[in-house]
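A.B. asks: This is what each chain is made of:
Protein chains: 2
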Amino acid sequence: MGKENKKKNRVVPEPALRRMPCYLAQLKVAKKEGQKYISSPKIANIMDIDPTQVTKDLSYTKIAGKTRVGYEVEPLIEELEDFLGFKSLDEAFLFGVGSLGTALIRDFGLKQFGLNISAGFDINPDVIGQKYDGVEIYHVDKFKELINPDIKIGILTVPVEVAQETAELMIDNGIKAIWNFTPVILRVPDNIVVQNTSLYAHLAVMFNRLHSKESKS
Amino acid sequence: MGKENKKKNRVVPEPALRRMPCYLAQLKVAKKEGQKYISSPKIANIMDIDPTQVTKDLSYTKIAGKTRVGYEVEPLIEELEDFLGFKSLDEAFLFGVGSLGTALIRDFGLKQFGLNISAGFDINPDVIGQKYDGVEIYHVDKFKELINPDIKIGILTVPVEVAQETAELMIDNGIKAIWNFTPVILRVPDNIVVQNTSLYAHLAVMFNRLHSKESKS
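Protein chains in written order, with my numbering: chain A, 1082 to 1298; chain B, 1082 to 1298.
Everything labelled a hint here was simulated from the structure, so no lab data went into it.
Computed from a prediction, not measured in an experiment: that's the story for all the values here.
C-beta atoms are modelled at their ideal positions from N, C-alpha and C, and glycine is treated no differently.
One or more hints might be untrue.
[Stated by the list, open to error] Looking from chain B toward chain A, a few residues come up when the C-beta cut is under 10 Å (computed):
| no. | residue |
| --- | --- |
| 1 | Val-1092 |
| 2 | Met-1101 |
| 3 | Ser-1169 |
| 4 | Leu-1191 |
| 5 | Leu-1227 |
| 6 | Asn-1229 |
| 7 | Thr-1263 |
| 8 | Ser-1279 |
| 9 | Phe-1288 |
| 10 | Ser-1293 |
Put together the whole structure using the sequences plus the hints.
C.D. replies: The following block contains the structure:
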């Protein structure tokens, strides 16, 4: 196994991982502005965290900063994109081709971040047989036929009532990681990765914060 | 001010708020299954949390559980949807009509959760003048003309290089809450609400967990 793979396969603490796309974003801004180097205090300052935190987070990649000048911008962008898994393509199946599912397939630009949706599944005859941006939608019964060892990721955008059973169907047929967009707390075996992204929970938090501020002012 | 508004305007702790859409999801499942009541231990068990936590979270709404039978399913669904702000419509402007921005406008179904995008802004001549599902896309210079006191929410889906300046433009012209889909940490005044939803950070965490598990097995 190569050096790069070893790095990628290390478990990185979630807070560090979540900060890395922020570093990447900043580095891209620095690149655009023509900066060749960026220092950890500068990155830290923009993000309002401690410079030692930046150094520690970035030590998970194979790029080290240089005394006085800091990190070389372009190689660090390359390394971070690779490190975060955005440069290699993982294949995924999507379950639930409603409004959110269609959006993820059609417009989202997930491919540039390393996720390729290769098929969609639903039970609605209106969407079965359709193709969105080249991605065909099948009846969910076809899933067992179409799954193969390259597909390890399942995206869950079904209605809440069928979220748990759909997750179980995925897992029983070889899915190892579920990107769960439903607000349901999935019960899964320990060896299965679940990433929860409940947009409506975020929306609820935003509404509450906005309306409570409004009532004060 | 009515009773309902008072409730809505109270600041609810974020963890409680984030759990509420899960409760809502469960209640909808219970309703579908024909259950008239659901107990807090049952909700707690499915979500793997303590029943007292459920009771405490739900005490922020105006519905109380009844001894022995628990919560009446239908009224609690109504109340939670209202409490979470999903029943009244907030207007929003969206900035950055790329792949993600288009998806949010076109397919996402945000309206059923109380968010209506009434206009999109970009600088790309290919999208300016377009209409997606009835939502017109304008040049960003038109924003100052079109903003009005009803629009308090701005959705930020611009490229990272212009995220901070776009946020400032929004705030300078009356936006009070920013739903930030970029990985950039925005610097904003204290009275501005920022809700960060970095999908690519979630993706990065999922990739890391999946690939580190794979390398172990």
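A.B. asks: Any CB of chain A closer than 10 Å to the CB of Phe-1288/B?
C.D. replies: Because about 3 Å separates Phe-1288/B from the closest Cβ in chain A, which is inside the 10 Å limit, the hint holds.
A.B. asks: Answer holds if the nearest beta-carbon of chain A is closer than 10 Å to that of Leu-1191/B; otherwise answer violated.
C.D. replies: holds, 7 Å
A.B. asks: Identify whether the interface hint at Val-1092/B stands, where standing means a beta carbon of chain A within less than 10 Å of its own.
C.D. replies: holds, 5 Å
A.B. asks: Mind checking the CB of Leu-1227/B against every CB in chain A and telling me if the closest is under 10 Å?
C.D. replies: violated, 20 Å
A.B. asks: Using the nearest Cβ pair, does Ser-1169/B come within less than 10 Å of chain A?
C.D. replies: Nearest chain A Cβ about 9 Å off; hint holds.
A.B. asks: Hint Asn-1229/B vs chain A: min CB-CB distance below 10 Å?
C.D. replies: This interface hint is violated because 16 Å lies over the 10 Å limit.
A.B. asks: Restraint: Thr-1263/B near chain A, CB-CB cut 10 Å. Satisfied or not?
C.D. replies: Constraint on Thr-1263/B satisfied, holds at 7 Å.
A.B. asks: Is the interface hint for Met-1101/B satisfied, with its Cβ closer than 10 Å to some Cβ of chain A?
C.D. replies: With a minimum Cβ separation of about 6 Å from chain A (threshold 10 Å), the hint on Met-1101/B holds.
A.B. asks: Checking hints one by one. Is Ser-1279/B an interface residue toward chain A, by the C-beta closer than 10 Å rule?
C.D. replies: holds, 6 Å
A.B. asks: Have a go at the Ser-1293/B hint: is there a Cβ in chain A nearer than 10 Å to its own Cβ?
C.D. replies: Holds. Min distance 4 Å.
When each numbered hint is compared with the structure, violations occur for hints 5 and 6.
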